[in-house]
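Chemist: Using the hints, position chain B against chain A.
These protein sequence lines are chains A and B, in that order. Residues in the first sequence are numbered from 6 upward in steps of one, following my numbering. Residues in the second sequence are numbered from 521 upward in steps of one, following my numbering.
Restraint-style ranges between C-beta atoms, simulated for each label pair:
1. 589/B - 138/A: 23 to 31 Å
2. 662/B - 133/A: 48 to 56 Å
3. 635/B - 240/A: 34 to 42 Å
Read the hints as simulated data drawn from the structure, not as lab findings. The beta-carbon is built from N, C-alpha and C at its ideal position, and this holds for glycine as well.
Each chain, letter by letter, is given below.
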Amino acid sequence: MRRIAIVPAYNEALNIGRVVDELRAFDAGLDVVVISDGSSDRTVEVAAAHGAHVIRLPFNLGIGGAVQTGFRYAWENGYELAVRCDGDGQHDPAELPKVLEPVLAGEADICVGSRFTGADGYRSSMTRRIGIRLLALVVSAIAHQRVTDTTSGFQALNRRALGLFAGDYPHDYPEVEGMVMTIRHRLRLCEVPVSMREREHGRSSITALRSIYYMVKVFTALFVGLFRRPVPPLEDA
Amino acid sequence: MSGVGSTEPPKSEGSGLAAAVAGISLLASGTPLKVSIAATLASLVLVLVVFELIRSRRLQERYALLWLLTGIVLVVLSAWRGGLNTIAGWLGVRGYPPAVLFAVGLLFVIVVLLHYATVISRLADQNVILAQRLALLETRLNEGLAPEPAAVASEAPASPATR
Chain A
6 MRRIAIVPAY
16 NEALNIGRVV
26 DELRAFDAGL
36 DVVVISDGSS
46 DRTVEVAAAH
56 GAHVIRLPFN
66 LGIGGAVQTG
76 FRYAWENGYE
86 LAVRCDGDGQ
96 HDPAELPKVL
106 EPVLAGEADI
116 CVGSRFTGAD
126 GYRSSMTRRI
136 GIRLLALVVS
146 AIAHQRVTDT
156 TSGFQALNRR
166 ALGLFAGDYP
176 HDYPEVEGMV
186 MTIRHRLRLC
196 EVPVSMRERE
206 HGRSSITALR
216 SIYYMVKVFT
226 ALFVGLFRRP
236 VPPLEDA
Chain B
521 MSGVGSTEPP
531 KSEGSGLAAA
541 VAGISLLASG
551 TPLKVSIAAT
561 LASLVLVLVV
571 FELIRSRRLQ
581 ERYALLWLLT
591 GIVLVVLSAW
601 RGGLNTIAGW
611 LGVRGYPPAV
621 LFAVGLLFVI
631 VVLLHYATVI
641 SRLADQNVIL
651 AQRLALLETR
661 LNEGLAPEPA
671 AVASEAPASP
681 ATR
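Isolated chain A (complex conformation):
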């Protein structure tokens, strides 16, 4: 089965080498594609030196555009299975079997690794936790299915899910809307507990002011999305 890891990275030269190494060590048959989202550091060179396929976006598209580039690459190159992990090293490839298992077993089209269903806590600021909890409540209500972590970028997808997201993926902060899209297209979504690491180098792109914008934007998108007709996913001929 052709399988690929999709790794979006923005100025992650310090982390990306180890991420690629760990992914390749986890599974030698796993192709790794790093999407450098307009990085101004040596992310492209480092990723390529560690044996990843590298897509260099000419400028910063934001996480949604970067990840969708990876989905399109995987779709066009006929991959049947994809995992998505962040380029900052917070997703541990050793946890990959947990998200892969339901997809490989044919029980889910997308499986998301959640930081919150698991026993070990995830360190985060109070306001951020409240925001994440609120999002989980809203998405659970829309999806008629309990979800706990709507912002996790640690996911496994089969080809059907790849086709959906290759065709249409939200722009700014895609994971939440992506979950709702999955449900609305009647794809099977599942969530498994995983533990995540703290990032080693650099800072997360999410600041206080941005999180307010994030919440307003995501709730607007979720609300409007309820009245929207779904875009047909890509399908194999």
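Modeler: Chain B alone, transformed into the frame defined by chain A:
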């Protein structure tokens, strides 16, 4: 209403001033109901149009948020006459509180326009980068596909038609 004060001849200096003050306070007493209704409807139309544009994917959320905020603030200020009058009082707007609606609307339009100016600037920058990348790729493709000048010279005797 304003005519009432002016048609009465002033009886004395003091009472004339009092009448004028009374006239002003009459004027300043509130937002006319018709104005409030019309402004509320117009603002609601704005919100609905923005909503429909997002829904039909002709407007991205990130460019719609300012418009939605504009519409919602205008709806609230138009419908809530007491609030508009109070804010007008704070701002020292005497006589016609709905003027505050114009001021707020204008302020938002300026902010939206400024935001668009930054968006256009970013798009222009990205457009330049895209054009450069495309041209460089095209050049590389052409130079890669075109035969080497030396190779062309050496193959020249063999007629291309025979191949």
